[in-house]
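Trainee: Model the full structure from these sequences, guided by the hints.
Protein chains: 4
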Amino acid sequence: MKIGKSTVPRTAICTSDEHTIVVRGQDLCQELIGHLSFTDYFFLLLTGLRPDAACSTVLDATLVAIAEHGLVPSVQASRMTFAAAPDALQGAVAAGILGCGSVILGASETAGRLFMDVAARMDDGATLQQAATAVITELKAARAAIPGYGHPLHKERDPRVDRLLEVAAQAGADLRYVRIAQALEEAIPGILGKELRMNVSAAIPAVLLGVGFPVASLRGVPILARTAGLIAHLAEEAGTPSGFALSYQATRELQYEGTVPAGFGKAP
Amino acid sequence: MKIGKSTVPRTAICTSDEHTIVVRGQDLCQELIGHLSFTDYFFLLLTGLRPDAACSTVLDATLVAIAEHGLVPSVQASRMTFAAAPDALQGAVAAGILGCGSVILGASETAGRLFMDVAARMDDGATLQQAATAVITELKAARAAIPGYGHPLHKERDPRVDRLLEVAAQAGADLRYVRIAQALEEAIPGILGKELRMNVSAAIPAVLLGVGFPVASLRGVPILARTAGLIAHLAEEAGTPSGFALSYQATRELQYEGTVPAGFGKAP
Amino acid sequence: MKIGKSTVPRTAICTSDEHTIVVRGQDLCQELIGHLSFTDYFFLLLTGLRPDAACSTVLDATLVAIAEHGLVPSVQASRMTFAAAPDALQGAVAAGILGCGSVILGASETAGRLFMDVAARMDDGATLQQAATAVITELKAARAAIPGYGHPLHKERDPRVDRLLEVAAQAGADLRYVRIAQALEEAIPGILGKELRMNVSAAIPAVLLGVGFPVASLRGVPILARTAGLIAHLAEEAGTPSGFALSYQATRELQYEGTVPAGFGKAP
Amino acid sequence: MKIGKSTVPRTAICTSDEHTIVVRGQDLCQELIGHLSFTDYFFLLLTGLRPDAACSTVLDATLVAIAEHGLVPSVQASRMTFAAAPDALQGAVAAGILGCGSVILGASETAGRLFMDVAARMDDGATLQQAATAVITELKAARAAIPGYGHPLHKERDPRVDRLLEVAAQAGADLRYVRIAQALEEAIPGILGKELRMNVSAAIPAVLLGVGFPVASLRGVPILARTAGLIAHLAEEAGTPSGFALSYQATRELQYEGTVPAGFGKAP
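Here the protein sequences come in this chain order: E, P, Y and B.
Read in order, the letters of the first sequence correspond to residues 44 to 311 in my numbering.
Read in order, the letters of the second sequence correspond to residues 44 to 311 in my numbering.
Read in order, the letters of the third sequence correspond to residues 44 to 311 in my numbering.
Read in order, the letters of the fourth sequence correspond to residues 44 to 311 in my numbering.
Hints are supplied without guarantee of correctness; some may be wrong.
[What the hints assert, rightly or not] In the DSS-like style, the derived pairs of lysine-lysine whose C-alpha atoms are separated by at most 30 Å in a straight line are:
(1) 237/Y to 183/Y
(2) 183/P to 237/B
(3) 183/E to 45/Y
[To be verified] Computed spacing ranges between beta-carbons, pair by pair:
(4) 95/E to 240/P: 32 to 42 Å
(5) 298/P to 73/B: 19 to 29 Å
(6) 237/Y to 240/P: 54 to 64 Å
(7) 78/B to 156/E: 48 to 58 Å
(8) 283/Y to 45/E: 16 to 26 Å
(9) 45/E to 73/B: 44 to 54 Å
(10) 130/P to 300/Y: 19 to 29 Å
(11) 283/P to 281/B: 28 to 38 Å
(12) 308/E to 95/Y: 37 to 47 Å
Bear in mind the hints are in silico, worked out from the structure with no lab data behind them.
Idealized CB from N, CA, C, for every residue including glycine.
Mentor: In structure tokens, the structure reads:
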């Protein structure tokens, strides 16, 4: 069935013949394997370009920052899935990745788009403070959350934020989007009436957009990073099962709010 | 509901409080972000240990080697899924990962277990040649495939194999499992009556087992690597859609082998 | 980690003790198994109510209508996944379900919400024709597609539409939303300058909303229905493999649009 | 890339032209929609045959029996995934289905194959008791679990078992596999030294194999059934969120077994 206009698939990422695999125009075996890190290869795959030193450092830092944060919901979902289906490691990883959505982890991309919006307003003549005030005011009017600000555990300060900003500065990255992210943080209390500190999902686009990482692929950073964390958790699950223990604990205080037939819960 | 014996979940990977995230005993922000690469962090997450230089080089090389090989079935599945559900990047990545199974990509782990079997027989006194001959003979008797040997496209030689072996040698890695992999390749023709050359799924465990990568997590290497490739393909799909074109082409020669009602296919 | 306000999980769907499983207030074994169809049970699970005869008939009809339409993209993705990972049936089903997104199959819900919008405008005093004209005009102004109208194959008329409407009428269902769906179809040419005929994704909410199916769960209908189709395709795939043949055909005309190293494609 | 021998995809399930959709040789709109239930259509999709009355009754009963059992691990995984990614209902359903694996729910198929093994031994001349004793003895020797026997909650008797057997008997189904399942239950104590009562995963193949359901698709029954349950849970989750509350509860007694840096856990 023909869906859409195009009937011929196209790609610029990879081609191969019997002897050579070409990725982004380069010979995989002669020019890439052993010559660049997996992180740099990820950037090359995405953009067709080799990252410069600042980009390489910052991208590594963001992947390390977001790969692991303990038994968060997506890790629990993954470990429960593995406990139920231990033959299919790929299925348990997939279950974990499916939890990288709009509420959790997806905020990196939304925050990045917000920063691009501020930058566009500055290109149109607004000051940083004006642009920051305008976008927060608009989000408040729309009763929308501020993506990348506030954290359920790290209320005072997500410790990954300062470290990522520090790494970006030391690497010589363009800090334009870092300043935008900070301006938004400063604008929030006056408009929303409460502090919401930048969390790691704001810090990631703040440092990555300055080194040329494409905004449209920002959600790929937590997805790739968490895949590494999930594989580690599933290796641990294989040796020290916790998936079913998690599900047991999860329902210990479960409240059933429906009705029951007469006699339910009494010994027969 | 209590399933299994344990009711208390346990982990040794990560803990945190409001100010500090601890991963494998180290302070994520002070000791890890900006201090080690994502590849090294993957090894630390998995094993609790920092890789030595040879391990780091070899693990990077394997991840680069297996991340991308064009529009293979799992990439097609992922791009078709994204075309149908473009709002859920994580879903399209998950669909691609679900194709990292026993037939495709999963052979890394199976081949690694085969190499461990040969090594165990050598520890018990067999020569390398005796052990290699024995395991191939047993697989033939069981009518089983030899995991990691033979390739549908790269019949003469998968070019990634020689390069990975070269990188491992140059990095000073322990080459014990490389020699086992080669001995199996040499043993095959005499027993099976045909050549089956080592493919990338044999080369990956051959080099990784020598640098301390755990055999039980070998399937994690193609899963993590392919996630990077999938994210790149989905970024391309967002800009240059091919998912529906792939599905259109796929069925151009489809043969329907069932029956049809009278009059089907004629204009009404 | 505490995310959100609630820390106590609640459910009204099911509870159980050692002797009795209670679903929606009824004893699963005494009152449900053998007493109602799977379709009626699906409605009970979703809403807590037993469907009346019209609802039961219409819901069965929609599930039958949408379960199967040949080797569509999500079925291809599922069969490719099964070919690569035949040990994990659940993974191949999951890969197929992941293609039930906003572009494909998800239109049932979007169309249903559109019909509710028209109904609300009528409750506020508009005539059916006024309300239909208004929502199509607004969608055109927003350059948005009309969800549930137009089909790549069935251009003249999706044959499932008339049949679903006929079944609903014969079953004595409330046809209010059918009339809304038809009014939108009639309003389209005058506003968009072309005919777009109602497709199955409009017919499904048109008949289901009239029998009390909740609009918020409309996307569940194609998901449940397609699961049945996917299981059938995977049973066929296990006996008559087509997954890799599909992927082979899909790339026969693939155009590589990147660069290649000097000498690529020539025999070495 | 050509993988495997076949390059031409084939199917006998469905074909269509602009006016007609043909499923298993029948006109979907004229012969199927409104003429058979979703359950019967599932059987037709799978086998190409319309079920007889006994088959229809028994298949409905098994789907109703296994669709829902409260907040089991796969439902928890699904609800956590939805809480994190509420825009992608299909992703949350997929995450839940991924937990229908070899340990949970997959036992239906394994038990069904066990019953076929007993039946084959009887065809070769063994009595029912001899065949049952032989397979249990062999499983014990292999230190394997008996698939479909024993339950973590319903220790005395899974109430679904008796009801399914009763429905099958009342429907006039062939009870050969029911007798096999019962013979295995009777053989267990003498060989294993403890009682293991038949659970729902044994009852499902026991009744389904007698009405012509294909053993190779037995795992499809819990997958399809649970999809209905998952959709209901996700509808409830959208209105009464419990996903994050489940993950909060799950880790309340979590034990971290790794080391921590000096000073961790003390206010800074």
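Trainee: Does the hinted range 32 to 42 Å hold for residue 95/E and residue 240/P at CB?
Mentor: 38 Å, holds
Trainee: Cβ-Cβ distance between residue 78/B and residue 156/E: within 48 to 58 Å?
Mentor: Roughly 50 Å apart at Cβ, these two residues keep to the hinted range, so it holds.
Trainee: At the C-beta level, are residue 298/P and residue 73/B separated by a distance inside 19 to 29 Å?
Mentor: Check passed, 24 Å falls within 19 to 29 Å.
Trainee: Does the Cβ pair residue 45/E, residue 73/B satisfy 44 to 54 Å?
Mentor: 25 Å, violated
Trainee: Does the beta carbon distance between residue 283/Y and residue 45/E stay inside 16 to 26 Å, or does it fall outside?
Mentor: 25 Å, holds
Trainee: Take the C-alpha atoms of residue 183/P and residue 237/B, compute the straight-line distance between them, and say whether it is at most 30 Å.
Mentor: Violated: residue 183/P and residue 237/B sit about 40 Å apart, past 30 Å.
Trainee: Check the following: the C-beta atoms of residue 237/Y and residue 240/P are separated by a distance inside 54 to 64 Å.
Mentor: 58 Å, holds
Trainee: Could you see if the CB distance from residue 130/P to residue 300/Y stays within 19 to 29 Å?
Mentor: 26 Å Cβ-Cβ, so the 19 to 29 Å window holds.
Trainee: Taken at face value, is the distance from the CA of residue 183/Y to the CA of residue 237/Y at most 30 Å?
Mentor: 12 Å, holds
Trainee: Regarding residue 308/E and residue 95/Y, is the given constraint of 37 to 47 Å on their beta-carbon distance met?
Mentor: Since residue 308/E and residue 95/Y have Cβ atoms about 31 Å apart, the given range 37 to 47 Å is violated.
Trainee: Hint check: residue 183/E vs residue 45/Y, CA-CA at most 30 Å. Holds or violated?
Mentor: 24 Å, holds
Trainee: Could you see if the CB distance from residue 283/P to residue 281/B stays within 28 to 38 Å?
Mentor: Distance hint for residue 283/P, residue 281/B holds at roughly 35 Å.
Of the hints listed earlier, those the structure fails to meet are numbers 2, 9, 12, in rising order.
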